[in-house]
Amino acid sequence: GDAYPELRRAEALVTETLKLEETRFRETLTRGLKLLDEEVEALGSKTVLPGEVAFKLYDTYGFPLDLTQDALRSRGLSVDQTGFDAA
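Quick note: this note's numbering has the sequence shown finishing at residue 87, numbered continuously throughout.
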């Protein structure tokens with residue numbers, strides 16, 4: 001509004017930046033879920049994803065821990081939080 005006229009002038013730039021960030025996050029999410037699926041398959045009958053793997057997804061691929069936990073929880077699995085914290 002009138003309180004921040006610079007926002008009105010930069011509206012197109014702000015909108016484009018937000019769209020770009022949404023696209024990047026969607027790509028991160030897609031890539032992270034694919035990698036997580038591969039790691040879950042490698043678990044076999046185990047129910048806990050090693051913390052080092054969750055950390056690699058976070059640190060290397062930008063996949064947030066809370067999304068890893070949510071995706072695993074929906075499958076009845078969990079993350080080794082201690083291992084994640086130590087990594």
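It is possible that part of the hints are untrue.
[Claimed, not checked] The list that follows gives simulated cross-link-like pairs (lysine to aspartate or glutamate, EDC-like), each with its CA atoms no further than 20 Å apart:
id, residue 1, residue 2
1, Lys56, Asp70
2, Lys46, Glu27
3, Lys34, Glu52
4, Lys46, Glu22
5, Lys19, Asp37
6, Lys56, Asp37
7, Lys34, Glu16
8, Lys56, Asp85
9, Lys56, Glu38
10, Lys34, Asp59
11, Lys56, Asp66
12, Lys46, Asp59
13, Lys34, Asp2
14, Lys56, Glu27
[Said to hold, decoys possible] Restraint-style ranges between C-beta atoms, simulated for each label pair:
id, residue 1, residue 2, range
15, Glu41, Pro64, 34 to 44 Å
16, Ala10, Gly44, 30 to 40 Å
17, Ala42, Glu11, 15 to 25 Å
18, Lys19, Val48, 52 to 62 Å
19, Thr82, Gly44, 18 to 28 Å
20, Ala42, Pro5, 52 to 62 Å
Think of the hints as simulated: they come from the structure by calculation, not from any bench. Here a beta-carbon is modelled for each residue, glycine too, at the ideal position from N, C-alpha and C.
Now the hints, each set against the structure:
A threshold of 20 Å between alpha carbons decides the hint, and for Lys56 with Asp70 the separation of about 17 Å falls inside it, so the pair holds. At most 20 Å may separate the alpha-carbon atoms for a hinted pair to count; Lys46 and Glu27 exceed this at roughly 28 Å. Proposed proximity of Lys34 and Glu52 is supported: the alpha carbons are some 17 Å apart, at most 20 Å. Pair hint Lys46 plus Glu22 does not hold up; C-alpha atoms about 34 Å apart against a cutoff of 20 Å.
A hinted pair counts as satisfied when its Cα atoms are at most 20 Å apart, and Lys19 with Asp37 does not qualify at roughly 27 Å. Distance restraint check for Lys56 and Asp37: the Cα-Cα separation of roughly 14 Å lies within the 20 Å cut-off, and the hinted pair is therefore satisfied. In summary, the hint linking Lys34 to Glu16 is not supported, as the alpha carbons are separated by about 27 Å, beyond the 20 Å threshold. Among the hinted pairs, Lys56 with Asp85 is consistent with the structure: their alpha-carbon atoms are about 12 Å apart, no more than 20 Å.
Between Lys56 and Glu38, the direct Cα distance comes to roughly 13 Å. Compliance with the 20 Å bound is thereby established for this hinted pair. For the suggested pair Lys34 and Asp59, the alpha carbons sit about 16 Å apart, so the restraint of at most 20 Å is met. The straight-line distance between the Cα atoms of Lys56 and Asp66 is roughly 14 Å, inside the 20 Å bound, and the hint therefore holds. About 23 Å separates the Cα atoms of Lys46 and Asp59, which puts this hinted pair outside 20 Å; it is violated.
Between the alpha carbons of Lys34 and Asp2 the distance comes to roughly 45 Å, so the proposed pair goes past 20 Å and is violated. Our distance criterion of 20 Å between C-alpha atoms is met by Lys56 and Glu27, whose separation comes to about 17 Å. For the hinted restraint 34 to 44 Å between Glu41 and Pro64, the CB-CB distance of approximately 21 Å leaves it violated. Our hint of 30 to 40 Å for Ala10 and Gly44 is violated, since their Cβ atoms are close to 52 Å apart.
Roughly 47 Å separates the CB atoms of Ala42 and Glu11, a value that falls outside the hinted 15 to 25 Å. Between Lys19 and Val48 the beta carbons are some 38 Å apart, a value that contradicts the proposed interval 52 to 62 Å. About 21 Å separates the C-beta atoms of Thr82 and Gly44, a value consistent with the hinted range of 18 to 28 Å. Distance hint check for Ala42 and Pro5: the Cβ-Cβ separation is about 55 Å, which falls inside the suggested range of 52 to 62 Å.
Consistency with the previously given hints fails for numbers 2, 4, 5, 7, 12, 13, 15, 16, 17 and 18, ordered from lowest to highest.
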